[in-house]
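Quick note, the sequences are listed as chains A and B, same order. Its first residue numbered 1, the first sequence is counted upward by one per residue in this note's numbering. Its first residue numbered 1, the second sequence is counted upward by one per residue in this note's numbering.
No wet-lab data here; the hints were simulated from the structure. No experiment lies behind these values; they were computed from the predicted model shown. Hints may contain errors.
A partial selection of chain B residues facing chain A, derived with a Cβ cut-off under 10 Å [stated by the list, open to error]: (1) V73; (2) H119; (3) H156; (4) V190; (5) Q220; (6) W232.
Idealized CB from N, CA, C, for every residue including glycine.
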Amino acid sequence: MKQLIIYFLRMGLCAIKGSRTYYVWMATLLIFIVMGGLEWAHDIREGLVVTNMSDHVSWGIGIANFVYFVGVAAGAAVLVVPAYLFHREDIKELVLLGEMLAVVAVSMCLLFIMTDVGRPDRLWHLTPGIGFLNIPSSLLSWDVIVFTGYLLMNLWIPGYLLFARYRGKKPTAMAYLPFVFLSMIWAVTIHTVTAFLLSGLGSRPFWNTPILAPRFLISAGASAPALLILLFTVIKRFTKLDVKQSVFDYFLYVLKIAMPINLFLVGCEVFQEFYTGSLHSASAYYLYFGLHGHSMLPKFIWTALTFNITATIIFLVPQLRRIPKLMYTACGLTVVGIWTEKGMGLVFPGFVPNPLGEIEEYAPNAGEIILCVGIVALGAFLYTAMAKITIAIQTGELRMKGSEPEAPAPEPAE
Amino acid sequence: MKKSLPMFREPEASGGCGGGSCDSDGHEDHDEGRRDFLRMAAGAAAVGVAATATGCGGEKPDYEELLQKHYRVMTDDEKKRVFARLEAKTKALTGVTVHISDPQPLEGVHYAYALNLSHCNGNRRCVEACARENNLPNDPEMRYIRVIELDNGSQHLEKGTVHYAPEKVPQKGKFYLPVQCHQCDNPPCVRACPTKATWKEPDGIVVVDYNWCIGCRYCQAACPYHARRFNWVAPSIEPDRVNPNQGYLSNRIRPVGVVEKCTFCLHRTRNGRYPACYEVCPTGARKFGNLADPQSEVRKIVENKRVWILKEELGTEPRFFYFYG
């Protein structure tokens, strides 16, 4: 017990101490976090009237971000699967950082929901036992369950492994491996349930399509590696942790598969919507071309499509993807493109037109954007601190006094 | 009469009567007091009683309210205490003494609505009577019933409008389609709710426990009839618009951040009265009654007229029928 307290204190210390760059980065994030927090306080004080949402478009940028970051959380599987199923040692060294990303992304998702509900003071109503969880009918209830499970699993696995490493002990396989395999399935589950949450609604023809769950999974498989390439490049640049080229090659390999499939699925949907041409395609018309003079979204979706197509070409053509600058650009385009396509491009048009044919457009206002930026900043803040601690433990910098690092981490190039 | 139905107003919008959301009865828009109920009470100082309520420390967190149990697991005593608390709160907010009752569903009753589209002329008296009966706020304007004006020959809802404002109704070549909660027998909203804060009563009414709803708005996304409304702001209602006859599950003043909806005026109908929209309709287009009673008017209409329901393909089984007769 005492050991554990000291461990946590030392982890805390490790997160506090850092270079100048580290402080500047964290302080910047902190400013955004505070701004987001103030905005949330404003929401609570005034009611959600301060947002641009309405009874017509009753979910906005918060839920759009939620949907996107579920994909990031599930994307951790991109690391977990090769590390544990295919025993890729180069990836195994990084898998904890992937699980941390899942923890942070899930926490962000929960925050996007918490800040979006009208009564955060009543969230305890979701606790089974003292509240009611509407199982099995409500997909939102299922989401609560799978998210909590995924969060706990991804806290436990790296938490356990790091503590073992800190003490110089060999981890017991039975204590974490079952959860590792469960978390692989669970990664698919969180995304599927979230897709079902939307696709199960007969009231919204735009979402009411079986392609939604596969599209979610594939787009997660596309955006997560792109994000991880950028993330690990930064980690490699600023820390002592070595990220081998083979890992980046692996991510590119995943991208080469996921990006074209993602485009294919978008194409399938576009075909069905526009060839059929039923009134149920109104939302798709609104998204791609505008509807009855309302055209807020087309510029965004076409930009996103252009981004995704450009990135796909770069990933597929060897001569292009070997140019680092182009490759990084393509990763950036993927992140932005998928975010737009899957976040606002999916959530907003579901509400336009409303079920009675009324058209009220929605675009987030400054306050809503500040709140979302605040949550993303909090995610980045947490991730930076957690990654710093993880790397310190993994490289043996942070270990229990008197303990020998049992299998010294492959010494990073100093 | 309202000329338009803007459901939502920019918070930055100034007070006064812009944007068509002003009450044409001539009430002033107390801009400052709009969202803060204490100042709201002070703002309505014309009602002297209200002033005494302002000192009662309503800003303290209300633990009793925070920890209140779900309606369906509360004992009668607990309910009584809750109703008393809510009555006091309404008094503090509006200065009006209200009575919150909890009429129970009647045995062997299954409410249904039938609406004769040949007679409806789009006058929207029902919209206003409903607002009055159910304590719906004017700022921002919230209405349960939407009347859609459509061109003869098409039911393409996108081509219709709820913002029609001619001198006289009905307009030539138009017909009018009022839509409110259809009290579905297979309600997607109830399925969606993660906390069981909304459910279907034995008499067919879909209700919400406004003190249990967490305000996630998933039910709004799930409703194919756009029947649910969210409280984007704290309640504000002019004292002379408060209907003191209130039901816990129906028309009591709703708190901020929760979803609400039409309940076929259950505080009236369970006491043998008709819904407000039915009573006010000057054309006789609205028919309401007990579908389980073979002698009732709605039952006869459903059995003998060629009735239809909105979006039958969704399988929601509405208890709201339309017919031409």
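*Out of the numbered hints, which ones does the structure contradict?*
Hint check: 2 fails alone, others pass.
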